[in-house]
Amino acid sequence: NAGVMQNPRHLVRRRGQEARLRCSPMKGHSHVYWYRQLPEEGLKFMVYLQKENIIDESGMPKERFSAEFPKEGPSILRIQQVVRGDSAAYFCASSPNGGDTEAFFGQGTRLTVV
Amino acid sequence: GENVEQHPSTLSVQEGDSAVIKCTYSDSASNYFPWYKQELGKRPQLIIDIRSNVGEKKDQRIAVTLNKTAKHFSLHITETQPEDSAVYFCAAINYGQNFVFGPGTRLSVLP
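If you're matching them up, the sequences are chains A and B in order. The numbering of the first sequence is the numbering used here, which starts it at 1 and goes up by one. The numbering of the second sequence is the numbering used here, which starts it at 115 and goes up by one.
Note that these hints are calculated values from the structure, not bench results. Fair warning: there could be bad hints in the mix.
Taking lysine-lysine pairs in the DSS-like style, the calculated list, with each CA pair at most 25 Å apart, reads [said to hold, decoys possible]:
| no. | chain 1 | residue 1 | chain 2 | residue 2 |
| --- | --- | --- | --- | --- |
| 1 | A | 44 | B | 172 |
| 2 | A | 51 | A | 62 |
| 3 | B | 182 | B | 172 |
| 4 | B | 156 | B | 185 |
| 5 | A | 44 | B | 136 |
| 6 | B | 136 | B | 156 |
| 7 | B | 156 | B | 182 |
| 8 | B | 185 | B | 172 |
| 9 | B | 172 | A | 27 |
| 10 | B | 185 | B | 136 |
| 11 | B | 185 | B | 171 |
| 12 | B | 136 | B | 151 |
| 13 | A | 44 | B | 151 |
| 14 | A | 44 | B | 156 |
| 15 | A | 27 | B | 185 |
| 16 | B | 171 | B | 136 |
| 17 | A | 71 | A | 51 |
| 18 | B | 171 | B | 151 |
Chain B stretches covered by chain A per the calculated footprint, using a threshold of three residues with CB under 8 Å from any CB of chain A [to be verified]:
| no. | segment |
| --- | --- |
| 19 | 127-140 |
| 20 | 184-195 |
| 21 | 199-208 |
| 22 | 212-220 |
Taking beta-carbon pairs under 7 Å as the criterion, some of the chain A residues facing chain B (in silico) [what the hints assert, rightly or not]:
| no. | residue |
| --- | --- |
| 23 | 33 |
| 24 | 48 |
| 25 | 53 |
| 26 | 56 |
C-beta: ideal position from N, C-alpha, C; glycine also.
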């Protein structure tokens, strides 16, 4: 059973471009969480999704950011018109049943906006 | 929503000593409390967890205690080793809600 897969591992975008970050959960996991982490800081919750549903997006900026977890395929975090302040590591985690068992993290995508 | 506080933010101990990290949470309905370790440049990984029907759990040098009445839980690491140096995050989860993490504790084990 492969772990949580995120790609790309590193992504460089110019200001104003779009960034698409992908997260394939572990097999059998239908719950995905996205977090943002700045250097030397904690895990800031962004969005919690279940297949085809957004459960909680309270941590995600309303402008430029969106997330989806379709019935088929990976979860995608999309950042439009990136700015330098979007540079960070973005981690996703998956769990099988939404909250009382371990969430497994992917290796993260390190986004650099130049 | 849930709010998790974590103390201390940094902790330095001598190799072989014990380390204790404490967390408090706000939502009395939270029932799952995992601890994650994140080494530099790597992903967070679960090291131990506890559910609300248990007061204490131990796994070799690591133990977690939970006081539901006071809404706090603690991580205890005994006989610390240099490889224990990392950032530790606690979390409190209510079923169906997102994982809310504390701000993290940077543990340094000095040789």
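Quick rundown of the hints versus the structure:
With a C-alpha separation of about 28 Å, the suggested pairing of residue 44 (chain A) with residue 172 (chain B) is violated against the 25 Å cut-off. The hinted pair formed by residue 51 (chain A) and residue 62 (chain A) meets the criterion: a straight-line CA distance of about 21 Å does not exceed 25 Å. With a C-alpha separation of about 18 Å, the suggested pairing of residue 182 (chain B) with residue 172 (chain B) holds against the 25 Å cut-off. Among the hinted pairs, residue 156 (chain B) with residue 185 (chain B) is inconsistent with the structure: their alpha-carbon atoms are about 30 Å apart, more than 25 Å.
Between residue 44 (chain A) and residue 136 (chain B) the alpha-carbon distance is near 19 Å, which keeps this suggested pair within the 25 Å criterion. This hinted pair checks out: residue 136 (chain B) and residue 156 (chain B) have alpha carbons roughly 23 Å apart, not beyond 25 Å. Of the pairs offered as hints, the one joining residue 156 (chain B) and residue 182 (chain B) is violated, with about 32 Å between alpha carbons and a cut-off of 25 Å exceeded. For the hint linking residue 185 (chain B) to residue 172 (chain B), the alpha-carbon distance of about 19 Å falls within 25 Å, and the restraint holds.
With a C-alpha separation of about 29 Å, the suggested pair residue 172 (chain B) and residue 27 (chain A) falls outside the 25 Å cut-off, and the hint is violated. Under the criterion of a C-alpha separation no larger than 25 Å, the hint pairing residue 185 (chain B) with residue 136 (chain B) is consistent with the structure, at around 11 Å. With a CA separation close to 16 Å, the supplied pair residue 185 (chain B) and residue 171 (chain B) stays within the 25 Å bound. Among the hinted pairs, residue 136 (chain B) with residue 151 (chain B) is consistent with the structure: their alpha-carbon atoms are about 14 Å apart, no more than 25 Å.
Distance check on the hinted pair: residue 44 (chain A) and residue 151 (chain B) sit about 16 Å apart at the alpha-carbon level, within 25 Å; holds. Between residue 44 (chain A) and residue 156 (chain B) the CA atoms are separated by roughly 16 Å; this keeps the pair inside 25 Å, and the hint holds. Of the supplied pair hints, the one linking residue 27 (chain A) and residue 185 (chain B) is violated, its CA atoms being roughly 34 Å apart against a limit of 25 Å. Restraint check for residue 171 (chain B) and residue 136 (chain B): satisfied, since their Cα atoms lie roughly 15 Å apart, inside the 25 Å limit.
Proposed proximity of residue 71 (chain A) and residue 51 (chain A) is supported: the alpha carbons are some 6 Å apart, at most 25 Å. For the proposed pair residue 171 (chain B) and residue 151 (chain B), the alpha carbon gap of about 17 Å is at most 25 Å, so the pair holds. Remark: the segment 127-140 of chain B is not confirmed as covered by chain A, as 0 of its residues place a Cβ nearer than 8 Å to a Cβ of that chain, below the required three. Restraint check on the segment 184-195 of chain B versus chain A: 0 residues with Cβ-Cβ distances below 8 Å, three needed, restraint violated.
A count of 3 residues in the segment 199-208 of chain B with a Cβ less than 8 Å from any Cβ of chain A is obtained; the coverage claim is therefore met, three being the minimum. Remark: the segment 212-220 of chain B is confirmed as covered by chain A, as 7 of its residues place a Cβ nearer than 8 Å to a Cβ of that chain, reaching the required three. The beta carbon of residue 33 (chain A) comes within 6 Å of a beta carbon in chain B, closer than 7 Å, and the hint placing it at the interface holds. A least Cβ separation of about 4 Å between residue 48 (chain A) and chain B falls short of the 7 Å threshold, and the interface hint therefore holds.
For residue 53 (chain A), the interface hint is violated, since its Cβ never comes within 7 Å of a Cβ in chain B; the closest pair sits about 12 Å apart. The beta carbon of residue 56 (chain A) comes within 5 Å of a beta carbon in chain B, closer than 7 Å, and the hint placing it at the interface holds.
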